[in-house]
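Go by the hints and put chain B onto chain A.
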Amino acid sequence: MTELLGIPAPVLFGQLLLGLINGAFYAILSLGLAVIFGLLNIINFTHGAQYMMGAFTAWMLLNWAGLGYWWALLLAPLFVGLTGILIERFLLKRLAGLDHLYGLLLTFGLALVIQGLYRNEFGSTGLPYAIPAELRGGQNLGFMFLPNYRAWVVVVSLAVCLATWLVIEKTRLGSYLRAATENPTLVQAMGIDVPRMVTLTYGFGVALAAFAGVLAAPIYQVSPLMGADLIIVVFAVVVIGGMGSILGSILTGFGLGVIEGLTKVFWPEASSTVIFVIMAIVLLLRPAGLFGRTG
Amino acid sequence: MSTALLEVEDLHAWYGEAHVLHGMRFSVREGEVVTLLGRNGAGKTTTLKAILGIGPRRTGSVRFRGQELVHLPPHRIARLGIAWCPEERGIFASLNVLENLLLPPVVAEGGLSLEAIFELFPNLRERLSSQGTKLSGGEQQMLAIARILRTGARLLLLDEPTEGLAPVIVQQIGRTIEKLKRAGFTILLVEQNFRFAARVADRHYIVEHGRVVDEIASVELGPGQERLVAYLAV
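Sequence lines, in order, name chains A and B. Our numbering puts the first residue of the first sequence at 23, with every later residue one more than the last. Our numbering puts the first residue of the second sequence at 894, with every later residue one more than the last.
This is chain A alone, in the form it adopts within the complex (with noise of 0.2 Å):
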């Protein structure tokens, strides 16, 4: 067998393709925290909760409509985006103008009653959600051998990280993004409805974490807890890639997942703690984050 670095070769790439899948769903939801905070100024501790409510729309869809995963992609991100939406409309508007803690402690607070209504419907126990006929299987590369469902979840998060990515920095819409996320007051006098956009920003960054919940229904249970487990680790990488920067969080969100897989071939005990040790380090030497726009 092949060893690279005295370690064999298909357990050092089987341990860098999962850090890729974490990193890939570290990277979605990063990037939809980054998306709400830049423009609502809302820490959005309810992004656990609403990644698990993909996941379970998946399961629901498909165990009490009888739709399944492709039809789940599309309708669990609307579904959730809308419920957003909604939360936006009736509890987070009331909170603009006032300190983050408000904000910190609604979403905090929702996502507890969340999960706390999932649990007792469903159980902690998890539910299993198969993988679409589609992409069962595998490939054998030779050295490793690669799922086809986990290489399409780090492709397809990959498209929607870029893709969101070019349509803020590259777009007419984009450039009201940006533009509001600096001067709100501005723009709304410029004639755009800045109140709508906030609205629909916040039901697009929920979506995003819908969108992750059902890329990972088929590979983690489908639980009530799936996303409050995640959601501190999403949480610190937003932190080391600075609180708002988009691209920073795509690339913290891949790189801190490869480097947690890399850890766990290297020094096993210490995976779980790397990214918080990263956290660390990176806020004592720059505290706006690797990609944070100082002030």
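To be clear, the hints were calculated from the coordinates, so they are not data collected in a lab. The model shown is predicted, which means the values in this text are computed figures rather than measured ones. One should not assume that every hint holds.
Computed list of chain B residues with no C-beta within reach of chain A, every gap over 10 Å [stated by the list, open to error]:
| # | residue |
| --- | --- |
| 1 | A911 |
| 2 | R958 |
| 3 | R972 |
Below, simulated SDA-like cross-link-like pairs (lysine to any residue); rule was C-alpha separation at most 25 Å, straight line [what the hints assert, rightly or not]:
| # | chain 1 | residue 1 | chain 2 | residue 2 |
| --- | --- | --- | --- | --- |
| 4 | A | K192 | A | N63 |
| 5 | A | K115 | B | R969 |
| 6 | A | K115 | B | L965 |
| 7 | A | K192 | B | P998 |
| 8 | B | K1072 | B | T938 |
| 9 | B | K1072 | B | T896 |
| 10 | B | K1074 | B | V1063 |
| 11 | A | K192 | B | V1063 |
Backbone N, C-alpha and C fix where the C-beta goes; we use that ideal spot for every residue, glycine too.
Okay, now just chain B, sitting in the frame of chain A:
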């Protein structure tokens, strides 16, 4: 004489508990350049913001082409054809010069083409891909004016466009305002620089403590000039 394009009557505004405007009353006719002159803190900028519906809580009446604006949200007011160039210029750091220029949506036909804008402000053409806030102060001011000329808005609210700029730039902005007036734009100008205002404007309203205390037509200068200087004397 054409009818009033903008009519402000008994306009009051508050920031929180602070009562800032105490019954502002003035009007601007189509095609005029009118200034609000007054010292710092007299309420000139607040008046512009109250017209636009941003910032202060307001009561009273602001009519544009006869339509009441006081109950409209800011984006609807802008869509009627009122554009604002704020005192701090409001150039966006995360947008390049071209993106800044193209940002305000077109609200009506008849806006200037990019080509016409570059004729007014040749410097901007060279800097299109620069980050907006990398421009000099004068260039940022030109960009802030330039981007509202594209939109087809016919009433321009300019808040101290000459503040902090070198005399040669102030002259260029003065010439620009004259050209805009000839092109039929209506301009409400907030100024402290009365020499500049006297050169470009048709009429001046003197603002003190949140109300209009006097009106002086430019044709009255010089007899009016002494009155003006007396109001603005530091």
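Hints, verified against the model:
1. A911: 17 Å, holds
2. R958: For R958/B, whose nearest Cβ neighbour in chain A is about 16 Å away, the distance exceeds 10 Å, so it holds.
3. R972: 5 Å, violated
4. K192/A with N63/A: Holds, because 23 Å separates the two Cα atoms, which is no more than 25 Å.
5. K115/A with R969/B: 20 Å, holds
6. K115/A with L965/B: 19 Å, holds
7. K192/A with P998/B: 17 Å, holds
8. K1072/B with T938/B: Measuring from Cα to Cα gives roughly 24 Å; hence the hint holds.
9. K1072/B with T896/B: Distance ~22 Å between K1072/B and T896/B Cα, so the pair holds.
10. K1074/B with V1063/B: 17 Å, holds
11. K192/A with V1063/B: Violated, at about 34 Å.
The structure is inconsistent with the numbered hints 3, 11, although it conforms to all the rest.
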